[in-house]
Amino acid sequence: MAGAPRLTRDDVAHVAALARLDLTDEELELFTGQLAEVLDHAADIAQLDLTDVPPTAHAMAVTNVLRPDTLTPTLDRDEVLAAAPSVEDHRFRVPRILGEAP
Amino acid sequence: MTAPRSAFDLAAAVRAGETRALDVLGGYLAAIDAGDAEIHAFNLVTADAARDAAMAIDQKVAAGEDPGLLAGVPVALKDNMCTRGVPTTCSSRILDGWHPPYDATVVTRLREAGAIVVGKTNMDEFAMGSSTENSAFGPTRNPNDTSRVPGGSSGGSAAAVAAGFTPVALGSDTGGSIRQPAALCGVVGMKPTYGTVSRYGLVAFASSLDQIGPFATTVADAALVFEVIGGHDPADSTSLDRPAPRVLSVLDEGIQGMTVGVLSEYLDGVDADVVARTRQAAEACAAAGARVEEISVPEVRLGLSAYYLIAPAEASSNLARYDGVRFGLRVDAEDTTAMNTATRSAGFGAEVKRRIMLGTYALSAGYKDAYYDQALRVRTKIIEGFDRAYRRCDVLLGPTAPSTAFSIGAKSSNPMSMYLSDVCTIPSNLAGHPAISIPFGTGDDGLPIGVQLLAPALAENTLLRAAAVIEAAANSMNGRGR
Numbered sequence: 799m800a801g802a803p804r805l806t807r808d809d810v811a812h813v814a815a816l817a818r819l820d821l822t823d824e825e826l827e828l829f830t831g832q833l834a835e836v837l838d839h840a841a842d843i844a845q846l847d848l849t850d851v852p853p854t855a856h857a858m859a860v861t862n863v864l865r866p867d868t869l870t871p872t873l874d875r876d877e878v879l880a881a882a883p884s885v886e887d888h889r890f891r892v893p894r895i896l897g898e899a900p
Numbered sequence: 161m162t163a164p165r166s167a168f169d170l171a172a173a174v175r176a177g178e179t180r181a182l183d184v185l186g187g188y189l190a191a192i193d194a195g196d197a198e199i200h201a202f203n204l205v206t207a208d209a210a211r212d213a214a215m216a217i218d219q220k221v222a223a224g225e226d227p228g229l230l231a232g233v234p235v236a237l238k239d240n241m242c243t244r245g246v247p248t249t250c251s252s253r254i255l256d257g258w259h260p261p262y263d264a265t266v267v268t269r270l271r272e273a274g275a276i277v278v279g280k281t282n283m284d285e286f287a288m289g290s291s292t293e294n295s296a297f298g299p300t301r302n303p304n305d306t307s308r309v310p311g312g313s314s315g316g317s318a319a320a321v322a323a324g325f326t327p328v329a330l331g332s333d334t335g336g337s338i339r340q341p342a343a344l345c346g347v348v349g350m351k352p353t354y355g356t357v358s359r360y361g362l363v364a365f366a367s368s369l370d371q372i373g374p375f376a377t378t379v380a381d382a383a384l385v386f387e388v389i390g391g392h393d394p395a396d397s398t399s400l401d402r403p404a405p406r407v408l409s410v411l412d413e414g415i416q417g418m419t420v421g422v423l424s425e426y427l428d429g430v431d432a433d434v435v436a437r438t439r440q441a442a443e444a445c446a447a448a449g450a451r452v453e454e455i456s457v458p459e460v461r462l463g464l465s466a467y468y469l470i471a472p473a474e475a476s477s478n479l480a481r482y483d484g485v486r487f488g489l490r491v492d493a494e495d496t497t498a499m500n501t502a503t504r505s506a507g508f509g510a511e512v513k514r515r516i517m518l519g520t521y522a523l524s525a526g527y528k529d530a531y532y533d534q535a536l537r538v539r540t541k542i543i544e545g546f547d548r549a550y551r552r553c554d555v556l557l558g559p560t561a562p563s564t565a566f567s568i569g570a571k572s573s574n575p576m577s578m579y580l581s582d583v584c585t586i587p588s589n590l591a592g593h594p595a596i597s598i599p600f601g602t603g604d605d606g607l608p609i610g611v612q613l614l615a616p617a618l619a620e621n622t623l624l625r626a627a628a629v630i631e632a633a634a635n636s637m638n639g640r641g642r
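Taken in order, these protein sequences are the chains called A and B. Just so you know, we're using the numbering used here here: the first sequence kicks off at 799 and counts up by one. Just so you know, we're using the numbering used here here: the second sequence kicks off at 161 and counts up by one.
Hints are computed from structural coordinates only; laboratory data are not their basis. In this text, all values refer to a predicted model and were calculated from it rather than measured experimentally. Even for Gly, the Cβ is constructed at its ideal location relative to N, Cα and C. Treat the hints with caution; some may be incorrect.
[Claimed, not checked] Only part of the chain A face toward chain B is listed, based on derived beta-carbon distances under 7 Å: (1) V813; (2) E827; (3) F829; (4) L833; (5) H839; (6) P852; (7) M858; (8) A859; (9) V860; (10) L864; (11) D867; (12) P871; (13) A882; (14) V892.
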């Protein structure tokens, strides 16, 4: 982005929180410099005027892929649950999600 | 290194009952035992399961049944391909202890063709890297010089084939992760057209770019493996609904009358010895009857920047699934959000964290237009540039990597310098096109150099015909003592 402010430590901290990553101060310092360098390199494309060029999200366009509506075996439930860190009553068990009830 | 025997020859001998699959396997397992402590190509060797599979092939042969095109051929799998009941780590702590509940389609197809899976190979964590140093289990070493990297991210598979641990292996290529390590290790590595090989059971990095392909010691072996693993798979919705590839029959057709374009942008910023070998490969194409011309596709210069926005953006989404809930590592905490964060912070290495953050940033409010969307428009420009070149040329030729194998540690503290290793391979992924790296002599330091051929989407036949010509020229050059 032409003239965009350089990536800051606060930007990286914000992005890390969005991505559910907890960074140490040293990591935050290191990553800020490294990511800013990559984004500086990307300035070569951010500056281009490509407003008339359509985006390509996928090189080999394939759309609306459907399969026959027939029953086929799925993964074995017990085998899937055996891979989970914590299970209860055939379900994935996680720590509490909401705050304590008032 | 043991004398390479091609997968072709091995399968023929096993099918004819001249050699037992179990004996073939024994020889390769002995090579792994003797050499892999130093190379560290493998995260896991599944010797017992491999012996059982080899005995089953021998029984089929004895019973007069067809044991398949790859009967008794040992194969190594990059450790991002799911193997039912067998650990699949992506060389990451976050998949610690995970045993997938299903096989990747490529694994099923290899087994059905009689191949013997001998193990899972080391890689850069989640395929993010160009040196196989970003592994939670330590680096892989280049069999040609163990102070050097094997390239990456499929460095373990490349090293396994280069060291003679297996005749063939599978890797995945998102920005060059098959071709670059193939070049640095001195083996053949092919990235097929996007959609020709199923990604079902390939742990996703950047879904619009990832493609599985073979490593081999010969172009014919790479073609053989491609035929076995290729073809439509209803389990992968991006798999192209076309007949299975048939490429072996064209390998000796030559390139008389073809036009080979030497891609001038790929010669910029590349070491002089690599440029010299690329020009020699071009001369070999001319000697084989092709018209050779230099061609410019200026758009490919933008590939690196576009890739390092698109791939991280897709990765940041794909890797959201590692949350400590359904599989792999969990680091406990008082609530689920804190558990997610603690798990991801402990489970991912530095490069994976960098890419996730880069991708999250490129997709975040206020920056998506300038970065991610702009990169997708550049992707269109690159495809247009290639299309223009392919109106004149049948294939394009360039180096695979800017240099021979670099020293372990040389680039690991500077991500941007590492990313530049992929500058000649990335544009093919952005375009979805096939490309192949063929060993072509050595550099000033005596280490292997790979030259790269590129072709339009689904033109694997043309690509492999030209690859066979370059391989023959390399062999006769090596026979003359360079």
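Quick rundown of the hints versus the structure:
1. Here the hint on V813/A is kept, as its CB sits about 5 Å from the closest CB of chain B, short of 7 Å.
2. Using the Cβ-Cβ criterion of 7 Å, the hint placing E827/A at the interface with chain B is not satisfied: the shortest such distance is roughly 13 Å.
3. Because the closest C-beta pair between F829/A and chain B is about 6 Å apart, less than 7 Å, the hint holds.
4. With a cut of 7 Å, the hint placing L833/A at the interface with chain B holds, because the nearest CB-to-CB distance is about 6 Å.
5. For the restraint placing H839/A at the interface with chain B, the shortest Cβ-Cβ distance is roughly 6 Å, inside the 7 Å limit, so the hint holds.
6. Interface restraint check: P852/A against chain B, minimum CB-CB distance 6 Å, threshold 7 Å, status holds.
7. Interface hint at M858/A: satisfied, since its Cβ lies 5 Å from the closest Cβ of chain B, which is below the 7 Å cut-off.
8. The restraint placing A859/A at the interface with chain B is violated, with a minimum CB-CB distance near 10 Å, outside the 7 Å limit.
9. Taking 7 Å as the C-beta cut-off, the interface hint given for V860/A holds, the closest approach to chain B being about 6 Å.
10. The restraint placing L864/A at the interface with chain B is violated, with a minimum CB-CB distance near 9 Å, outside the 7 Å limit.
11. Interface restraint check for D867/A: the shortest CB-CB distance to chain B comes to about 13 Å, outside 7 Å, so the restraint is violated.
12. For P871/A, the shortest C-beta to C-beta distance to chain B is roughly 10 Å, which exceeds 7 Å, and the interface hint is violated.
13. Against a cut-off of 7 Å between C-beta atoms, the interface hint on A882/A holds, since the closest Cβ of chain B lies about 5 Å away.
14. A distance limit of 7 Å between C-beta atoms decides the matter here; for V892/A the minimum to chain B is near 5 Å, and the interface restraint holds.
The structure fails hints 2, 8, 10, 11, 12 (numbered hints given earlier, in ascending order).
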